[in-house]
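Trainee: Sequence:
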Amino acid sequence: MDYPTPHIKATPEDFGRTVLMPGDPLRSKFIAENFLENAKLVNNVRGVQGYTGTYKGVKVSVMASGMGIPSIGIYSYELFNVFGVENIMRIGSAGAMRADIKLRDIVIAQGACTDSNFGDHYHLPGKFAPIASFEMLRKAVEACEQIGATYHVGNVLSDDVFYNDEDGMPEILTMVPAWQKMGVMAAEMEAAGLYMTAARAQKNALCICTISDQLLTDEHLSSEERQTSFREMMQVALETAVKLEK
Numbered sequence: 006m007d008y009p010t011p012h013i014k015a016t017p018e019d020f021g022r023t024v025l026m027p028g029d030p031l032r033s034k035f036i037a038e039n040f041l042e043n044a045k046l047v048n049n050v051r052g053v054q055g056y057t058g059t060y061k062g063v064k065v066s067v068m069a070s071g072m073g074i075p076s077i078g079i080y081s082y083e084l085f086n087v088f089g090v091e092n093i094m095r096i097g098s099a100g101a102m103r104a105d106i107k108l109r110d111i112v113i114a115q116g117a118c119t120d121s122n123f124g125d126h127y128h129l130p131g132k133f134a135p136i137a138s139f140e141m142l143r144k145a146v147e148a149c150e151q152i153g154a155t156y157h158v159g160n161v162l163s164d165d166v167f168y169n170d171e172d173g174m175p176e177i178l179t180m181v182p183a184w185q186k187m188g189v190m191a192a193e194m195e196a197a198g199l200y201m202t203a204a205r206a207q208k209n210a211l212c213i214c215t216i217s218d219q220l221l222t223d224e225h226l227s228s229e230e231r232q233t234s235f236r237e238m239m240q241v242a243l244e245t246a247v248k249l250e251k
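Under this note's numbering, the letters of the sequence shown match residues 6 to 251, in that order.
Treat the hints as calculated values from the structure; they're not laboratory data.
Since the model is a prediction, treat every value here as computed from it, not as a measurement.
Warning: the hint list may mix true and false statements.
[Stated by the list, open to error] With a straight-line Cα cutoff of 27 Å, these simulated BS3-like cross-link-like pairs (lysine-lysine) come out: (1) LYS61 - LYS208; (2) LYS248 - LYS61; (3) LYS61 - LYS45; (4) LYS251 - LYS64; (5) LYS132 - LYS107; (6) LYS64 - LYS14.
[Stated by the list, open to error] Ranges between beta-carbon positions, derived for each pair: (7) ARG236 - ASP7: 33 to 39 Å; (8) LYS61 - LYS107: 25 to 31 Å; (9) LEU129 - ARG51: 26 to 32 Å.
In this text, a Cβ means the ideal position worked out from N, Cα and C, and glycines have one as well.
When you get a sec, could you build the whole thing from the sequences and use the hints?
Mentor: Structure below.
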């Protein structure tokens, strides 16, 4: 595949070695405007905004992934295999499934369970276990401790369905007890696909999320609170990107 691709109109030189991937294009814009120096828009195909600038002197990119495994699968595949990106960090929101994980806490996905069939296209003689890059995970933990963020490391669920067929309620609400008994700490919708794409490309990936919903207590952050609460996670991701260059 040559560049530009159907989804990214850019060149390999437009991206840093590390790309931060929020789901929301507007969050990409927010990070670029509030954290990066000399940020430049390098992609806007389908409104999926991608920017590259510097953070503490390190070239870093941020580009949206959209929602769900199929979407992040497309963008991460192209970034890894066409544009030469080495590290992708998903930064987003998650719903906590453990009582000790509170709103605004950070969860770092060491592994990612899923109910998706995404892995079937690799034609493996079994089930693949999607896991994070240990080096990225280790440096993200260092960044959390450096800035004093409350964090949890463990397994997450990358759910493939948001609304269930019965009554339009979030699908995860019916699934919490089953996954909770296996120690899964939170639910989101992209990490497993990102980890599989990275493994196939022999590249590195990590998912860092802020808890926006506590599924056991029915607590939720408002859209305004999400905007301000996610700044700590963004800082952790950017500090991790810097550490990866050292």
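Trainee: Report the numbers of all earlier hints that the structure fails to satisfy, in ascending order.
Mentor: 5
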